[in-house]
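Residue numbers (the numbering used here), protein chains in the order written: chain A, 1 to 420; chain B, 1 to 420.
Since the hints were derived computationally from the structure, they do not count as laboratory data. Any given hint could turn out to be false.
[Unchecked claim] Listing some non-contacts, in silico: residues in chain A with all C-beta distances to chain B over 10 Å: (1) A20; (2) V226; (3) K238; (4) R291; (5) E340; (6) Q409; (7) S412.
[Unchecked claim] Derived lysine-lysine pairs resembling DSSO-like cross-links, with alpha carbons at most 27 Å apart: (8) K69(A) to K129(B); (9) K129(B) to K27(A); (10) K251(A) to K207(B); (11) K207(B) to K129(B); (12) K251(A) to K372(B).
Idealized CB from N, CA, C, for every residue including glycine.
Protein chains: 2
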Amino acid sequence: MAFIKTPVKGMPDLLPEDVALRESIFKMIKQAYSAYGFAQIETPSIEHIENLSNKQGGENEKLIFKILKRGEDFKNALESGSGELADSGLRYDLTVPLARYYAANQSKLPAPFKAMQIGNVWRADKPQKGRFRQFVQCDIDILGDDSILAEIELIAATADMLTKIFAQAGLSKFTVHISDRRILRAAAAYAGFEECDFDRVLIILDKYDKIGLEGIKAELEKAGFVMSAIEKYTQFYKNAHKGVGCEEFCKYLADGYLAPDVATGIDTIIACVKEMADRGVTVMFDPTLVRGMSYYTGTIFECTIDGYDFSIAGGGRYDKMIGQYSGQQVCACGFSIGFERIITILKDNKVAPATTAEKRAVLIEKGTPPQKMLEVMRAAKAARADGKTVSILPMKKNTKHQIDSLIEQGYSDVERVYRS
Amino acid sequence: MAFIKTPVKGMPDLLPEDVALRESIFKMIKQAYSAYGFAQIETPSIEHIENLSNKQGGENEKLIFKILKRGEDFKNALESGSGELADSGLRYDLTVPLARYYAANQSKLPAPFKAMQIGNVWRADKPQKGRFRQFVQCDIDILGDDSILAEIELIAATADMLTKIFAQAGLSKFTVHISDRRILRAAAAYAGFEECDFDRVLIILDKYDKIGLEGIKAELEKAGFVMSAIEKYTQFYKNAHKGVGCEEFCKYLADGYLAPDVATGIDTIIACVKEMADRGVTVMFDPTLVRGMSYYTGTIFECTIDGYDFSIAGGGRYDKMIGQYSGQQVCACGFSIGFERIITILKDNKVAPATTAEKRAVLIEKGTPPQKMLEVMRAAKAARADGKTVSILPMKKNTKHQIDSLIEQGYSDVERVYRS
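Sequences and hints are given; from them, build the entire structure.
What follows is the structure in structure tokens.
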């Protein structure tokens, strides 16, 4: 078979300068999250096909890279023609593996458990600028804490981390949007929509940022909902994005639509995160925030940064998912940052990782006698022990060009060793 | 479909203490290799099936996790019954991806290029203690340097790194074995074996450690080789492991069997590495070292550690492989450490990662008013800015048990906040 030198479609080869930047950001993420008590874990890249196809993953389930069965299993599957040729697949997110992991290892983990996961995920999506088929996700999750302390820690840790990362790019202004699935559903009920229509209504509300309240109204009409509900709903949403607190916004829902502690909880989360966050961070109740995944059961949140029209982090509470693996209900709340989007923004802003070590290159002419080489080795050993980077290389014929290239690579000190 | 809570066969879930140890070792590896001028790169986990099945991977090619084609491609492959249902697979090592990477990106990389790669690889092998189906490999390679400086840098960097890692376990004695495929072939030719039989002879020689020279002789006889060759070969190998230098060992091969610079080169490599390495490191010429992979063309080397009967690192020169991708010959030499084996040894020796930050937990009673929570947040912010880890958690009914568990997790300071 012929060799192919381009990488597989949508999967990037990372050059040394790319990896250096990414490694510096990984380090900042780990440090920031670790300061909030999150412990790093790792789940396998490969997951049972049954777990990946459990209808929790939404659209992502269509994008699974499936892995062929092997040996007899494969032969049998092929011969039976049942179509079940795959027994596993590459994970498309870190949430499904986390839920399985917690169900499998709960007895060995603290409760509540504050988990940090950084790893590749794979989706057979159409590649485009900034969207790859292999990409890194960074998630933090708190399992087994049903109090708003979970939300506060998750959001404060993420805001803290993003502040530190974006400071390098001179970007200091971003916004945390907070809402709650229970409020979204209560508002739809209050307006008079049928429960079976809530999902369709929320899919339309999700377009608020793009089409505004008038657009929402028009789409609801087009979808054929009753006018009275549409009127009441849009009237209710007139206060959205007016800087109104959650409790104030939800006052009409108090009458049986919404438990009172939901809105006060959101306001407390916002107050506490504001207390901890940097001045550039806006923390706001945003009742137009919907978020796509069906597994969210309570609070939902998202981060946006001034000047970019996509979110850079998103998460929420998903109290039902782990129980599906363990058979035992475990509440959970998580926040996932869009690592590749952050890298794209940093590169757009020409952020380069800080080089730390002093770098020396030693060029050795061909034919240099062993005794002279030993001297070079001794000196290199001492310099490396001293924290310096030393690269010993063969001298090229065009030494000037070689030295220029080394200086470009950050070697401030180039020494030449001749054979005599 | 039913949910499955155990991980996929042979793929481990890593607990927080596992990840902490691994992360601390990754850090040491990156620091040590970076001090020798190796630059970290990353290749995708998924590789073209054509590249994985190119006969370079030896036995590993039987262990590929293959990835199903998708959409129309899959339908067509299934209907045509041609059996080519996979278009790609998970990499089984980091060498094949590196060769492809260099061919694809050569113009953007320095020459010579000193690459460091750390990443997961996957093999559908039979799982057993210390052997997984997903595991980490750490490779360093120097591409485009045909001088022995490449071998010296690779071996010295690896010896340096291993010395630092194993010092934590109180293990300081290990051995670097160095040989050369050209010497192995020259010795077989000198003894009188036919060139077409060299591979079979070397497979037998590879068992030297287990069966000794008498065993080698018996196996060669059993394989039906001519007695004169067997006699001359075993006579020649009598000097193996006697501490003889390579040039001395190879003196009978000088007469047309081996280019003279091969043996002197090995002796210079050994002298230079000895100069740089720690006192506990033995660096020796070992003419019984064979190594399995067919792609090696020159020097080969391996590390063993006293008290363990498996190698912990292995590598060599493979000057032909990259040319198969790029169409242009590029010499290459690499060293790969057995990361999982190193972790196994460290765990056997009860090595735990050094905990750095002071850890404080704050337990908050349910019903604590927002105003009091804000005070907690302020104090936590200050402590985190000060480099401490602070975890804010809901207070449990059994507070004593909760505190004991936190102390076990390394929280030396536990503060309680009551609602009134």
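Okay, the hints, checked on the actual structure:
no.: 1; hint: A20; verdict: violated, 7 Å
no.: 2; hint: V226; verdict: holds, 38 Å
no.: 3; hint: K238; verdict: holds, 28 Å
no.: 4; hint: R291; verdict: holds, 23 Å
no.: 5; hint: E340; verdict: holds, 13 Å
no.: 6; hint: Q409; verdict: violated, 6 Å
no.: 7; hint: S412; verdict: holds, 13 Å
no.: 8; hint: K69(A) to K129(B); verdict: holds, 23 Å
no.: 9; hint: K129(B) to K27(A); verdict: violated, 31 Å
no.: 10; hint: K251(A) to K207(B); verdict: violated, 81 Å
no.: 11; hint: K207(B) to K129(B); verdict: holds, 23 Å
no.: 12; hint: K251(A) to K372(B); verdict: holds, 25 Å
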